[in-house]
Amino acid sequence: MKIINYLFYILPLFIFACGGNEESTADLDLEFIHMADEESFNYESLYQNEAGNEFSVRLWRTYISKIELINSNGEVYAVPESYHLIEPQNDNKYTLNLKNIPSATYNSIQFYLGVEGEENLSGTAIGDLDPSNNMAWNWTTGYKFIRIDGEFKNKAGNRRGVVVHIGTEKNLKKQEFTFNTPLVLNQNTSKLNFELDLLELFKGPNTIDFEILSDFQFNNEADLIGDNYADGFIDLR
Amino acid sequence: MTKIFYLIVITGLIIGCNPKETNIDPNSERELNPPEYFGSYSNRIPDDNPITRKGFELGRMLFYEKKLSGDNSMSCASCHQQKKAFTDGLATSPGIDGVNGKVSSMSLVNLMWAEHFTWNGKFEQIESQSIEPIRNPIEMHESFDHAIQELEEEGYTTLFQEAFNAEEITEDLIGKALAQFQRSLISSNSKYDQYLRGEYEPSPSEKRGERLFFTHPIPGQLRGGNCGDCHLGPLTSGAIDGFQGFHNNGLDTDENIDEGLMAVTGDPKDKGRFKTPSLRNIALTAPYMHDGRFETLEEVIEHYDNGIHQSSTLDILIIEGSNENQDAGERPRLFLTEQEKEDIIAFLHMLTDEDFISNPDFSNPFENENN
Numbered sequence: 001m002k003i004i005n006y007l008f009y010i011l012p013l014f015i016f017a018c019g020g021n022e023e024s025t026a027d028l029d030l031e032f033i034h035m036a037d038e039e040s041f042n043y044e045s046l047y048q049n050e051a052g053n054e055f056s057v058r059l060w061r062t063y064i065s066k067i068e069l070i071n072s073n074g075e076v077y078a079v080p081e082s083y084h085l086i087e088p089q090n091d092n093k094y095t096l097n098l099k100n101i102p103s104a105t106y107n108s109i110q111f112y113l114g115v116e117g118e119e120n121l122s123g124t125a126i127g128d129l130d131p132s133n134n135m136a137w138n139w140t141t142g143y144k145f146i147r148i149d150g151e152f153k154n155k156a157g158n159r160r161g162v163v164v165h166i167g168t169e170k171n172l173k174k175q176e177f178t179f180n181t182p183l184v185l186n187q188n189t190s191k192l193n194f195e196l197d198l199l200e201l202f203k204g205p206n207t208i209d210f211e212i213l214s215d216f217q218f219n220n221e222a223d224l225i226g227d228n229y230a231d232g233f234i235d236l237r
Numbered sequence: 001m002t003k004i005f006y007l008i009v010i011t012g013l014i015i016g017c018n019p020k021e022t023n024i025d026p027n028s029e030r031e032l033n034p035p036e037y038f039g040s041y042s043n044r045i046p047d048d049n050p051i052t053r054k055g056f057e058l059g060r061m062l063f064y065e066k067k068l069s070g071d072n073s074m075s076c077a078s079c080h081q082q083k084k085a086f087t088d089g090l091a092t093s094p095g096i097d098g099v100n101g102k103v104s105s106m107s108l109v110n111l112m113w114a115e116h117f118t119w120n121g122k123f124e125q126i127e128s129q130s131i132e133p134i135r136n137p138i139e140m141h142e143s144f145d146h147a148i149q150e151l152e153e154e155g156y157t158t159l160f161q162e163a164f165n166a167e168e169i170t171e172d173l174i175g176k177a178l179a180q181f182q183r184s185l186i187s188s189n190s191k192y193d194q195y196l197r198g199e200y201e202p203s204p205s206e207k208r209g210e211r212l213f214f215t216h217p218i219p220g221q222l223r224g225g226n227c228g229d230c231h232l233g234p235l236t237s238g239a240i241d242g243f244q245g246f247h248n249n250g251l252d253t254d255e256n257i258d259e260g261l262m263a264v265t266g267d268p269k270d271k272g273r274f275k276t277p278s279l280r281n282i283a284l285t286a287p288y289m290h291d292g293r294f295e296t297l298e299e300v301i302e303h304y305d306n307g308i309h310q311s312s313t314l315d316i317l318i319i320e321g322s323n324e325n326q327d328a329g330e331r332p333r334l335f336l337t338e339q340e341k342e343d344i345i346a347f348l349h350m351l352t353d354e355d356f357i358s359n360p361d362f363s364n365p366f367e368n369e370n371n
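Top to bottom, those sequences are chains D and V. Taking full-length UniProt numbering, I'd label the letters of the first sequence as residues 1 to 237. Taking full-length UniProt numbering, I'd label the letters of the second sequence as residues 1 to 371.
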């Protein structure tokens, strides 16, 4: 009898002690698939850009930040500490596990390509922001939003770099995707598939010919790539 | 009775909800407190070898322990001397049998933000790296059976018990203790650190040097020294992940280039790629490069400015880094002015950390006894 009495006091402790919130939440996986046009991307292959240059890539990293989901009432859920470094890992995919999203029916998702906010220029390490992860320039310049290190052989047969290190505020590009059918998040884990297309970086609106230009870092040329990835580089499948 | 029952339950709840439940005791973890701008590190310490006070102290003793060499004449500290930022001032170093190695003793600093150790990346972890020179015939040339026997005679068994709750001394635990000491070798009070924290106002030359160091040049637009493409951020060391921090920096041509990373991966694309070292305390760690071929920082800058050799694996970030437009196929040059070279060297001197090289925690624990 006494034990039952104790349990009466103790059980609520168990339930609330671990910070459980009674509002129901769900998990959402965002899968980013790295592609080169229709082909699955890998670090070994040669690819051909719109201008006909054949090139290979030894490093491809992309920052996205400030992921937000908008529900059917127009309310916005902002993922906390949302700075994510995406790169081809398992079989060209990278999966972001977003946890504890309020259960609701969502109509769209949005995020930035790049590092949004003052965190870009601080030395702080939240989310995937980390000064030692090979994506930081320095305090005053912030992070590289997209980094490609690659190379090609020019017409004369010489090795040249394909160096794409893009950052700075004007190359921060907001991406918005409306779902064809609303996304209902309940207790189960749901999944969204995104595709990143390497070749989109070098075409539309600006067709890039590596014979003329193959080094894009923190300069006017970098903005050409920024314009190219603003639209069509990442797509929701 | 009731109160005690509640107390037990509540304590249980608190422990149960603590996400970082750990069982480390050997007299608590040793605090490191590196600056935030070095990047996170908690996940860079192996779960099975946290840095504890006892483990660190044991590692420090082993680092300076000559019994770990075949004839008891050398310790780790013979080639890694604190006053020289844990290098030895030699191009290559002789072991106990007077035979020189092929590569230069590397500085030991901020190793937590690194993986794949030695110039060719042979050892993934500091634990395994630490064991190698003890056994290596041209270095300390000692068998572990013999070393452990000597350590037992010296009374180390108790110290291993205290540090690892271990019954006996093993090769594995020697590596772990050495790794704890070396992971603790954090240098973060150079003038450059003081500047980053707003405590030091750099000279105009130092300031220009910092900017040049971290700037990738763009002909006609932006002048740069192109150092920061490989020597990343405040750590000034190579990229951590995988072998990204290994580069061919143009020391030799295809004909005479050393194997480098290819010795580990077997991939011809890795020929001549070597680990990008941290430049922390670089003014104290001459001579330079994996084979110690350059005596001075001036020679190093000359190499990058006008001494690069073309090869099939020369790093593209060097090929695409010049202050003037060059034809493809030309020897990549930086075209720095004399003033710019001086400025970069002024910045490199900012990386010297007097506290690091005189920190008593890192010094020889046996020195006072001997004197």
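Derived by calculation from the structure, the hints in this document are not laboratory data. In this text, all values refer to a predicted model and were calculated from it rather than measured experimentally. One should not assume that every hint holds.
Stated by the list, open to error - Computed cross-link-like contacts, DSS-like style, restricted to lysine-lysine with a CA-CA straight-line distance of at most 25 Å: (1) D:K155 - D:K203; (2) D:K93 - D:K155; (3) D:K66 - D:K155; (4) D:K153 - D:K66; (5) D:K153 - V:K67; (6) D:K174 - D:K153; (7) V:K67 - D:K155; (8) D:K153 - V:K271; (9) D:K173 - D:K153.
Here is what the structure says about each hint:
For the suggested pair D:K155 and D:K203, the alpha carbons sit about 20 Å apart, so the restraint of at most 25 Å is met. The straight-line distance between the Cα atoms of D:K93 and D:K155 is roughly 33 Å, outside the 25 Å bound, and the hint therefore fails. For the given pair, D:K66 sits about 42 Å from D:K155 by alpha-carbon distance, which is inconsistent with the 25 Å threshold. Of the pairs offered as hints, the one joining D:K153 and D:K66 is violated, with about 38 Å between alpha carbons and a cut-off of 25 Å exceeded.
Distance restraint check for D:K153 and V:K67: the Cα-Cα separation of roughly 55 Å exceeds the 25 Å cut-off, and the hinted pair is therefore not satisfied. For the hint pairing D:K174 with D:K153, the CA-to-CA distance comes to about 34 Å; that exceeds 25 Å, so the pair is violated. Of the supplied pair hints, the one linking V:K67 and D:K155 is violated, its CA atoms being roughly 61 Å apart against a limit of 25 Å. With a CA separation close to 19 Å, the supplied pair D:K153 and V:K271 stays within the 25 Å bound.
In summary, the hint linking D:K173 to D:K153 is not supported, as the alpha carbons are separated by about 31 Å, beyond the 25 Å threshold.
The structure shown violates the earlier hints numbered 2, 3, 4, 5, 6, 7, 9.
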